[in-house]
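Protein chains in written order, with the numbering used here: chain X, 590 to 815; chain P, 590 to 815.
Since the hints were made in silico from the structure, they are not lab data. C-beta: ideal position from N, C-alpha, C; glycine also. There's no promise every hint is true.
Unchecked claim - For lysine to aspartate or glutamate, the following EDC-like pairs were computed, each having C-alpha atoms within a straight-line distance of at most 16 Å:
(1) P:K705 / P:E732
(2) X:K656 / X:E701
(3) X:K683 / X:D639
(4) P:K683 / P:D720
(5) P:K656 / P:E732
(6) X:K663 / P:D718
(7) X:K638 / X:E759
(8) P:K674 / P:D718
(9) X:K802 / P:E793
(10) P:K802 / X:E719
(11) P:K663 / X:E704
To be verified - Here are some of the chain P residues that sit facing chain X, going by a computed Cβ distance under 8 Å:
(12) N642
(13) P644
(14) L648
(15) K651
(16) Q653
(17) N657
(18) D790
(19) W803
Number of protein chains: 2
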Amino acid sequence: MGPLPRTLEFFYDVLSPYSWLCFEVLCRYRNIWNVELQLRPTLIAGIMKDSGNKPPALLPRKGQYLKNDLNLLKQQFQVPLNFPKDFYSVILEKGSMSAMRFLTALNMEQPEMLEKVSRELWMRVWSRDEDISQPQSILTAAEKAGLSAEQARGLLEKISTAPVKSQLREVTEAACRYGAFGLPATVAHVDGQTHLLFGCDRMELLAYLLGEKWMGPVPPALNARL
Amino acid sequence: MGPLPRTLEFFYDVLSPYSWLCFEVLCRYRNIWNVELQLRPTLIAGIMKDSGNKPPALLPRKGQYLKNDLNLLKQQFQVPLNFPKDFYSVILEKGSMSAMRFLTALNMEQPEMLEKVSRELWMRVWSRDEDISQPQSILTAAEKAGLSAEQARGLLEKISTAPVKSQLREVTEAACRYGAFGLPATVAHVDGQTHLLFGCDRMELLAYLLGEKWMGPVPPALNARL
């Protein structure tokens, strides 16, 4: 029997493209590294408000860099990421409240579907430049990921209930307590220690902390231990 | 004969610990990757002013993260980095104007010494918590790196001259024109394209752009092609 799995809490919002990159890397390495990956849908707007941080794209030169950076990283990470045409409206105005509440409700009832539905939402907003704020958009993503129309509607009806709202708030507060000031935030529990890792660019450091091998964002041995 | 070396312009300030990490990685890979590494002493305060960016440590939660992050990265990168006790005074008040002017003068007269003196200045401020703002501090670093007392004093006398001040300003403006909003900024000229890479965490992406192998921040084959 191998050692007990190490636990990674992955705090993310589908509004965050770096969260998507990090999510895919963690999904790829989960079994290679034998870690327990806990997906934690979080509200990025709540993290920003609580920490006093501002979205980097608000600084024009950072906004320009972000675009170029993501355009290079999508190739390196092999994630089909595309910048939405109307970034400010999609990311800063419409936001992700309904989508993240939906993922929260899903995580409470059918956690085994969380990975797939999260990915479909990212595919909409960060690949095909499609809406994720309207109920129909969320239903479409959920069904494409494999939920029945009935399951998807059932979850959608719950996104404004107190338990779902309070659960999303609690997860967001938990991220803040770990020290998050943005997303993605990976909290690694390894050898009795807790490390907060910010962004998609600390995955090699995570491998180092786990004592595992880093083989780049697209591990060639992806299927070796699946 | 191999292909012509690809050129990397490395914009840095010794006040920036992430610049030190990136500097060491680039110095380690320079010959392995067969790239021409051009060290560009830059004034981080000038970059911040011009871009409207703020030092991350001013946001308390980022400041705390930075400390933990650097404490982990120093192990992974094998760079003897230590946080100065009085961070705000050393980094935000005293700054690096004299040190960066000295490196600029050095680069104009004895560029072959730039790497060693830069490293000695980082060793002072970011390893041993020693001053780098006073003339004697800079002289000590320069002599420790191998300059004669006379050479060091000669350069120090020039740091307030127009050519040196204007050269540092020009390099800082060049970084801004490339889109820099902080340091380190690595500008990679590869296959007729120019890429700005920010921070110490795009070195694997740089390897990808160069079509070279990334072997982590401490390449095992460090001496293979030296």
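Outcome of the hint check:
Only pairs whose Cα atoms come within 16 Å are accepted, and K705 of chain P paired with E732 of chain P is accepted, the gap being roughly 10 Å. At roughly 33 Å between alpha-carbon atoms, K656 of chain X and E701 of chain X are farther apart than 16 Å, so this suggested pair is violated. Between K683 of chain X and D639 of chain X the alpha-carbon distance is near 19 Å, which puts this suggested pair outside the 16 Å criterion. The suggested pairing of K683 of chain P with D720 of chain P holds, with an alpha-carbon distance near 9 Å, which does not exceed 16 Å.
Our distance criterion of 16 Å between C-alpha atoms is broken by K656 of chain P and E732 of chain P, whose separation comes to about 30 Å. Of the supplied pair hints, the one linking K663 of chain X and D718 of chain P is violated, its CA atoms being roughly 40 Å apart against a limit of 16 Å. With a CA separation close to 15 Å, the supplied pair K638 of chain X and E759 of chain X stays within the 16 Å bound. Taken as a hint, the K674 of chain P and D718 of chain P pair is honoured in the structure, with Cα atoms around 7 Å apart against an allowance of 16 Å.
Using a Cα cut-off of 16 Å, the hinted pair K802 of chain X and E793 of chain P holds, with the two alpha carbons roughly 15 Å apart. For a cut-off of 16 Å, the pair hint linking K802 of chain P to E719 of chain X is broken: about 36 Å separates their Cα positions. Straight-line distance between C-alpha atoms of K663 of chain P and E704 of chain X comes to about 33 Å, which puts the hinted pair past the 16 Å bound. A cut of 8 Å between beta carbons decides the hint on N642 of chain P: the least distance to chain X is about 6 Å, and the hint holds.
Annotation: interface hint on P644 of chain P violated; nearest CB of chain X at approximately 13 Å, more than 8 Å. The criterion of a C-beta within 8 Å of any C-beta in chain X is met by L648 of chain P, whose closest approach is roughly 6 Å, and the hint holds. Of the supplied interface hints, the one on K651 of chain P holds, with its beta-carbon coming within about 5 Å of a beta-carbon of chain X, less than 8 Å. Interface hint at Q653 of chain P: satisfied, since its Cβ lies 6 Å from the closest Cβ of chain X, which is below the 8 Å cut-off.
The closest approach between the C-beta of N657 of chain P and any C-beta of chain X is roughly 7 Å, which is under the 8 Å cut-off, so the hint is satisfied. This hint holds: D790 of chain P has a C-beta 4 Å from the nearest C-beta of chain X, less than the 8 Å allowed. Nearest Cβ of chain X to the Cβ of W803 of chain P: about 7 Å, under the 8 Å cut. The hint holds.
Comparing the model with each earlier hint shows violations of hints 2, 3, 5, 6, 10, 11 and 13; every other hint is respected.
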